[in-house]
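Chains A and B, in that order, are what the protein sequence lines are.
Letter by letter, the first sequence follows residues 142 to 342 in my numbering.
Letter by letter, the second sequence follows residues 142 to 342 in my numbering.
It is worth saying that the hints were derived from the structure and are not from the lab.
A portion of the hints provided could be inaccurate.
For identical chains, the list gives no copy identity; a pair is met inside one copy or between any two copies.
Calculated pairs, BS3-like style, for lysine-lysine (alpha carbon to alpha carbon, straight line, at most 27 Å) [what the hints assert, rightly or not]:
| hint | residue 1 | residue 2 |
| --- | --- | --- |
| 1 | LYS338 | LYS237 |
| 2 | LYS145 | LYS302 |
| 3 | LYS168 | LYS324 |
| 4 | LYS338 | LYS294 |
| 5 | LYS168 | LYS226 |
| 6 | LYS189 | LYS208 |
| 7 | LYS189 | LYS302 |
2 protein chains.
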Amino acid sequence: MKNKGLLFVVSGPSGVGKGTICQEYVKTHDDSVLSISATTRAPREGEKHGVNYYYITNEEFEAGIAKGEFLENAVFCGNRYGTPKKAVLEMLESGKNVILEIEVQGAMQVRSHYPEGVFVFVIPPSLKELENRLRGRNTETDDVIKKRLERAKQEFALCEKYNYILMNDNLGDALSKLEAIMKAERCYMPRNIEFIKKEFC
Amino acid sequence: MKNKGLLFVVSGPSGVGKGTICQEYVKTHDDSVLSISATTRAPREGEKHGVNYYYITNEEFEAGIAKGEFLENAVFCGNRYGTPKKAVLEMLESGKNVILEIEVQGAMQVRSHYPEGVFVFVIPPSLKELENRLRGRNTETDDVIKKRLERAKQEFALCEKYNYILMNDNLGDALSKLEAIMKAERCYMPRNIEFIKKEFC
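The task is simple: from the sequences and hints, build the whole structure.
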């Protein structure tokens, strides 16, 4: 069948564990890579250009937007973040699945540019469990946690725009479900119809 | 999430190996069962009622059709074959995935009664390979093989009505892809949207 890679967009509320899932997935599956975002924020201690982010200037970022070079972009805490289209498309062409871990609004931007992407929304086993995980970090005040839970509820309301939900009950199960989704999507009829018409009809 | 089983309809041309895939699958996955068809044909040596088929009379079969008791039914070589709706729905309710191995026309009947089913079309690696497999059986004349290949081509033309294609390149890979499809379908958003709205919104 087709050897081109598939684009997976993974979203979900803060604290749900989507970052860990994506990072563990690419560690254990060499057919898949994480997309590296561009940002105008300064590199933190130990971060490397082309590994954690592509660090670019505000002018470069705006020129990129003007030329349509981002699959999605957003502002967060006064810094710009975006997914470089060219790097993603090249990886897909080379046959790798590309995983984008992004927010709901960014995901919807990606869908408008790349509707053949697969959109996965990660959920916790329950709202209570999400709250426990946020509290377990011991890094946020009650007020911040309350705001994150409110925001999570707004995000859940948008999750029907995604193709799959992935309940993160435990990491192993979540990875195995993500693997199944990737494998199944390769078999999805609309992705194979040209091949079948060419070879069998 | 939902604990109800999913209905999988598996079709594909004669000689593609769909029967072996389905039988092996249920042997190795106790969350899945094969549907047992009803037929008006007489049991062959060694066949058992309720194991290979439900053997019923023509009158019983016609009464069943009149009462809407079949998910699909067809005539083959002068005998009637049908999928008993009640048995399938009971297995689904009990949480088992149910696999129906049926022809394309029957599959389309099932879809009209049960659109939430998952429709899988098994293909060979190539038309040449299908011909080799049919010839390898050493049971059919050239003329019969030619007719089967013609019929296969007609079936391929209808395969876009299915959700997935499953290339039967080798049995192990085919079983692993079928397993992935089943797992991924459980995560499919429309199957979970009620649960999410209830629990998270």
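Verification of the supplied hints:
1. LYS338 <-> LYS237: within (25 Å within a copy, 34 Å between copies)
2. LYS145 <-> LYS302: Both: 24 Å inside a copy, 23 Å across copies.
3. LYS168 <-> LYS324: both (17 Å within a copy, 22 Å between copies)
4. LYS338 <-> LYS294: between (44 Å within a copy, 10 Å between copies)
5. LYS168 <-> LYS226: within (23 Å within a copy, 45 Å between copies)
6. LYS189 <-> LYS208: For LYS189 and LYS208, the Cα distance is within 27 Å only inside one copy (25 Å; across copies 70 Å).
7. LYS189 <-> LYS302: neither (34 Å within a copy, 48 Å between copies)
The structure shown violates just one earlier hint, number 7.
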